Amino acid sequence: MPVSPTPLHSAAALAIDARNVGRVYKAKPNPIVALDGIDLTVRPGELFGLLGPNGAGKTTLIKILTTLLLPSSGTASVFGFDVERQTSQIRRIMNIVSGGEQSGYGLLQVREQLWMFSQFYGLGVREGWRRVDELIDLVGLQEQRVQKVSQLSTGQRQKLNFARGLLNDPWIFFLDEPTLGLDVSAARATRELTLAWQAAVPGRTILLTSHYMAEVDEMCDRLAIVDRGRILAIGTPAELKHRVQSESIFRLELDRLDRGVGALARLPGVISAASVAGNDNGADGERNTILVKLVLVDDGALGPVVSALAGLDAHIVSLQKSEPSLEDVFVELVGRGFEDDLTVHQNGTGLRSAGSRPADEESVAEELAGRSR
Amino acid sequence: MTAAKGSAERTPSAARSPFVYRPTASPEEAARWEPRRILITNVRSIAGRAYPRLIGLRREPSWILFEILLPFLTTSAFVFVYRALQSPPEYIGFVVLGGAMTAFWMNVMWMMAAQLYWEKDQGNLERYFTAPMSMMAILLGMAIGGLLMSTFRAGIVLLVGTIVYGVVFSVDQWFLLLGVFVLFLTALYGLGMMLATLFVLWGREAWHLTQIMAEPVYFVSGLNFPVARLGLFGAAALGTIPLAVGLDAIRQLAFAGSTNTGSFISPEGEALLLVAMTIVFIGLARYLLRIIERLARQDGKLITRTS
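Just so you know, the protein sequences line up as chains V and Z, in that order. Its first residue numbered 1, the first sequence is counted upward by one per residue in my numbering. Its first residue numbered 1, the second sequence is counted upward by one per residue in my numbering.
No lab work stands behind these hints, which were simulated from the structure alone. Note that the coordinates shown come from a computational prediction; the quantities given were computed from them, not determined experimentally. Be a bit skeptical, because a hint or two may be false.
To be verified - DEER-style ranges, computed between Cβ atoms:
no.	chain 1	residue 1	chain 2	residue 2	range
1	V	Gly106	Z	Phe152	16 to 26 Å
2	Z	Leu232	V	Ser150	48 to 58 Å
3	Z	Ile64	V	Asn20	57 to 67 Å
4	Z	Phe80	V	Asp137	58 to 68 Å
5	V	Gly106	Z	Phe80	56 to 66 Å
6	V	Ile32	Z	Phe264	40 to 50 Å
7	V	Ser150	Z	Pro216	33 to 43 Å
8	V	Glu134	Z	Ile64	34 to 44 Å
9	Z	Leu73	V	Asn30	55 to 65 Å
Claimed, not checked - One-sided and incomplete, this derived list gives chain Z residues near chain V with beta-carbon spacing under 8 Å:
no.	residue
10	Arg22
11	Gly56
12	Glu126
13	Arg127
We put the CB at the ideal spot given by N, CA and C, even for glycine.
So here's chain V without its partners, still in its complex pose:
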């Protein structure tokens, strides 16, 4: 089936355009402000992340954008369709998958459940079965094709949810903590599917919320850091990290540095050079190399340093750029981390699948680092 390669004629319409969106829940003794003047624009084709702790307002924003909730103030639109008045149009072009989602009926088999949902999107009877089989293959549930939904593991269940979300070829896909509670391999499969789905058609847009900073860092084109109903910062992961670190920091491993780290510190563009591990000379006891933390004015200063190292008769064993993490950015902006929130949230869901290590911030970071290597 040919895919239109032409640019979107809706390029003028933002995929998401939220202006001063507020949401207040009635509660006793005091109303709860879930969103407080959110301004957010997401362009078609972006994979945009919302990063924040529990109660930050991420899910509330997604509910507003998916027409499940009205904003208390402000306006929001999805591909130009108003979330208050044009709900039908939005529902035709979007889909949503949430972490820990249990929708459907346990007595149905995987294939049957997907077929049922396909009918809600207007696929024909046979067309629905064809599409369902295709999606089952796509998400890797072939062996569970005729297994009851109630017997699926958490990871398999999320694959099923993901297949459901793709039934209608949405233009915008809302993923609310899609890897929450999944083991490492299931989380990876979900991320890969997400990226592959988006890559298939220009203009497909994803709004992703996640607790896992490494996941957001790796996947998202841009992200917003949200806390207590407000957006604290928006930008690409690199831009946000740059906010908390204007210098470029490198970790340099050299085979020798006879003239000491002071020789490096005097080079142009170098702010400081210091040994970072091992003995006072920066020597790594096990590998017999020299480790240096090099702080430069910017990345461009690295070239002259490398050239100068040859003159110093030192050879580079390894070179690694040391960047602040999104967690550093979060702490800088919010004044606290959300590790505690994360722990409570994970324990509260009870979604860990038996026999598998659930994904956590550390394992996600490890796995993503491994992939990039």
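The hints should help you fit chain Z onto chain V, whose structure is shown.
The following block gives chain Z in isolation, referenced to the frame of chain V:
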């Protein structure tokens, strides 16, 4: 469009991609549905939602015990009482018919009414509301699935009761009987649709109300005796409860010529009553669904999974 991360990998493939099924040139085009497509989607949604009910018939055989064998014991008890009292033979038929109709009533009261509330707890209601079909299609699908399932169960009870207790029917107006039966189903499941919406609106209170009302409704509906024998109560039941009206009309038509029903409304009149009930109940269900969606979007709780 932004220069997306890894954009080189995101160029469209000329080959058929499993990630692309119904390509559209733009979101605007994808959102533009003709009335015919809207109608077809709603019809398919009805079939889609009816589907799990029919699967359940095959996959959860516990209904044989709870909805056939146990109700049949109650029916049998009344049969033996009427026989001991040497009642007219039609009474045996009345009871067997009432036993068969119990399947519909139980289905409406215990499955249909509570279904949307249960769907909310499963997280299904949110998914339904974010899909492009009308929620009325979901309600109709639930009703039609339940109706087909219960018709099968009622048919078994009727068949077994007729054979075991030797019931002899006397039908003069087959088409009217069929029409009344269909109207009985539409009115009854219209009530079920309305109750389903009320359950979402009122939650636990509606559940308690149903439990409290179950036995009185059984009684005033005349499942095991002609409802007209209840006099004023019977008349009230005929005016408000589709089970009572439908059962009385079906008895009059299935035992033509018998004066033992004691009915004071003709089957034709009762058919009209059922039509009115159908319109009122389904209309109310539609109205309440709109209220549910409005309230849900306002307060953020009504359709959201709470457990």
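Results of checking the hints against the structure:
1. V:Gly106 - Z:Phe152: 16 to 26 Å: holds, 22 Å
2. Z:Leu232 - V:Ser150: 48 to 58 Å: Given range 48 to 58 Å: holds, Cβ gap about 49 Å.
3. Z:Ile64 - V:Asn20: 57 to 67 Å: holds, 59 Å
4. Z:Phe80 - V:Asp137: 58 to 68 Å: For aspartate 137 (chain V) against phenylalanine 80 (chain Z), whose Cβ atoms are near 59 Å apart, the range 58 to 68 Å holds.
5. V:Gly106 - Z:Phe80: 56 to 66 Å: violated, 40 Å
6. V:Ile32 - Z:Phe264: 40 to 50 Å: violated, 58 Å
7. V:Ser150 - Z:Pro216: 33 to 43 Å: Holds: the Cβ-Cβ distance is about 36 Å, inside 33 to 43 Å.
8. V:Glu134 - Z:Ile64: 34 to 44 Å: holds, 37 Å
9. Z:Leu73 - V:Asn30: 55 to 65 Å: Hint holds: Cβ distance 56 Å, inside 55 to 65 Å.
10. Arg22: This interface hint holds because 5 Å falls under the 8 Å limit.
11. Gly56: holds, 6 Å
12. Glu126: Because about 6 Å separates glutamate 126 (chain Z) from the closest Cβ in chain V, which is inside the 8 Å limit, the hint holds.
13. Arg127: holds, 5 Å
Consistency note: the structure conflicts with the earlier hints numbered 5, 6.
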